[in-house]
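Student: Now for the letters of each chain:
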Amino acid sequence: MALQVYTASLLKEGLVAYLCLENGRPSWTFDISQATAGHDEELDALKLAAERSEQDNIVVAPYAIEVLETDSGIMATTKREQIRASGPTITLPQDKIRESRRAA
Amino acid sequence: MYQYSEQDHQLLLERVAQFRGQVERRVKGELSEEEFKHQRLRNGLYLQLHAYMLRVAIPYGLLSSDQMRTLAHIARKYDKGYGHFSTRQNIQYNWPKLEDVPDILDDLAKVEMHAIQTSGNCIRNTTSDPLAGVARDEIEDPRPYCELIRQWSTFHPEFNFLPRKFKIAVSGATQDRAAVAVHDIGLRLVRNDTGETGFEVHVGGGLGRTPMIGKVIRPFLPKQHMLTYLEAILRVYNMLGRRDNIYKARIKILVHETGEDNFREMVEAEWEKIKKGGLHLRDEDFEWIKKFFLDPEYEELSDRDGEFENLLLTNAEFARWVDKNIELHKQPGYRIVYLSLKTAHQPPGDVTADQMDAIADLADKYSLGQIRSTHRQNLVLSDVRLKDLPALWGELKALDLATPNYNHVTDIISCPGLDYCALATARSIPISQAITQRFDDYDFVNDLGDVSINISGCINACGHHHVANIGILGVNKKGVEVYQMTLGGSAREDAAIGKIIGPAFEADEIVDAVSDVLSVYLENREDPEETFLMTYRRLGDAPFKERLYG
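Same order as they appear, the protein sequences are chains A and B. Residue 28 in the numbering used here sits at position 28 of the first sequence, with consecutive numbering throughout. Residue 144 in the numbering used here sits at position 144 of the second sequence, with consecutive numbering throughout.
No lab work stands behind these hints, which were simulated from the structure alone. As the structure is a computational prediction, the values presented were derived from the model and not from experiment. Worth double-checking, as some hints may not be accurate.
Here are some, though not all, of the chain A residues that point toward chain B, as calculated from beta-carbon distances under 8 Å [as the list claims (entries may be wrong)]:
(1) LYS12
(2) GLU13
(3) GLY14
(4) ASN57
(5) VAL60
(6) LEU68
(7) ARG80
(8) GLY87
(9) PRO88
(10) THR91
For every residue, glycine included, the Cβ atom is placed at its ideal position computed from N, Cα and C.
Based on the provided sequences and hints, a complete structural model is requested.
Tutor: Structure (structure tokens):
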């Protein structure tokens, strides 16, 4: 089975988050490269922890995504998940205004 | 515009309080996501790709300057400093936090706005002509009818759990600027042989994976029967519309599968039972609602102005803007001004909080304090004095809202696509920006004339690609975003669904493909008066196919 991480939306913020599991203790990070990746049985533990976070109303609708380990860290394999991980690929309008002010 | 009654205000306050309680219970874990999801959707709150998205209703696209300022305040305080005007004349915020949403709804309620029925399988925001009440080709102002529909459909107990979402558009002019033919119900105000105005009733239009043009099931419906007839249509749909298959649940499928004549017979039979009931509109109902939409006290002005005409002759940039973004007004000495939300560096339909505040100020200064949103994702100042156009142009230019491209090739409709949307399969905004950058030469844009490009990031077609002269549909093919092109669509009175021209293009090919299609048009048109659509309809797709794939 391919290398995977668990992702979800944080309940209160709605923002994209990734599961970290250290010594059996779950936490959620915005940074996919900090996520705990696993294969096979490791995934079972991740799945359990993600579901527990959902029951504890920390996250909404967790699911596993395929990732690759690259020199710069973990990276999602699909375009959709890459965009979820790094945000819109366009310049946000307010950022654009700030940019033009900086340039001026 | 319509002013809320005490009852309206009370209704909104109670609704916000109810939702606040639901949010609190969700955060405490007293409501599961499954239970809460239906409640949040009833209040326009989606969970999208990156965050929650709140869709706020703008009834028939009409906003006061105070409402616009509140939208700016919400963008600034609770979001990332901008909002997105959608093809249904609403505004969407892409980054609100769940716990802030009740406060946002409270702020909206203070200016008579809300997010009710902007999602879910109910009757959505009724859309209309953005030039309602000021257009020269208008038969009758559609806004009073839109407001009656809004009041009838809000919290309508019978139609709160329809088989699928339901969209109504109303147009009152000879030109269709509300895309009535691609709505579940489209109402067009028409005159009969005796000069009486009533509605031509279109049913079963829609886009998505099964695009269809609505069928005229009644060529003339007297106005007093508007609500009884809508009720009859909705009842037939509610009883017979499919609930077993989400892809076959829209009324267009029911009309198609039942057959136009059978569907009409069922509606007429249902209507016979209720046409004299409580929804029959009386003269006093029309008199009451029309008081909210009376013409403002226009000044008696000349339709010529020296300073305006001088600038027109001496400033080419101003002349271009006037040529493209200004329409004649029914009142001499006034003009209608389109504020273009289409630049190469801002997603179509996006407006920053600063721009919103500035637009509200401009509306107060130059346009009787009102703004309209359009289904092509632009804004309109509807009542600008001719003599104020030079000053307004200067201020719009400074705000980057004066791109002279209304109804031209860079006036692109685009859904949020994969940059924001959980359903999307491909990005649409970067493609729209790439096309806009390619065709930034005004003379070329001007020479092309009236041509529409619409882009959707998935088959759900929120970018209305089916009804564009040149439609672009982004799909995911084996992990790669590719773009399928349709030609020959129209959302106007000659409504048509575009035809797929051939195999899809990769992202780095699609702008060249659009360029090729436009070149074929320019090479083949009989004269500059022949629009892209006219040329396409005369020649068919053969020369376009030949250039693209030959």
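Student: Was the hint right that LEU68(A) lines chain B, CB cutoff 8 Å?
Tutor: violated, 13 Å
Student: Holds or violated: the hint that GLU13(A) contacts chain B, with Cβ atoms closer than 8 Å.
Tutor: holds, 5 Å
Student: Measuring from the C-beta of PRO88(A) to each C-beta in chain B, is the shortest one below 8 Å?
Tutor: Check passed: Cβ of PRO88(A) comes within 4 Å of chain B, closer than 8 Å.
Student: At a threshold of 8 Å, is the proposed contact between GLY87(A) and chain B supported by beta-carbon distances?
Tutor: At about 6 Å, which falls below the 8 Å cut-off, the nearest Cβ of chain B leaves the hint on GLY87(A) intact, so it holds.
Student: Holds or violated: is there a CB of chain B closer than 8 Å to the CB of VAL60(A)?
Tutor: Hint holds; VAL60(A) Cβ to chain B Cβ min 5 Å, cut 8 Å.
Student: The hint names THR91(A) as touching chain B; please verify it with the least Cβ-Cβ distance against 8 Å.
Tutor: holds, 7 Å
Student: When the nearest CB of chain B is found for GLY14(A), is that gap smaller than 8 Å?
Tutor: holds, 4 Å
Student: Should the hint that LYS12(A) touches chain B count as held when the rule is a Cβ pair under 8 Å?
Tutor: Check passed: Cβ of LYS12(A) comes within 5 Å of chain B, closer than 8 Å.
Student: Checking hints one by one. Is ARG80(A) an interface residue toward chain B, by the C-beta closer than 8 Å rule?
Tutor: holds, 6 Å
Student: Restraint: ASN57(A) near chain B, CB-CB cut 8 Å. Satisfied or not?
Tutor: Holds: closest Cβ of chain B sits about 4 Å from ASN57(A), inside 8 Å.
Of the numbered hints stated above, the single one contradicted by the structure is hint 6.
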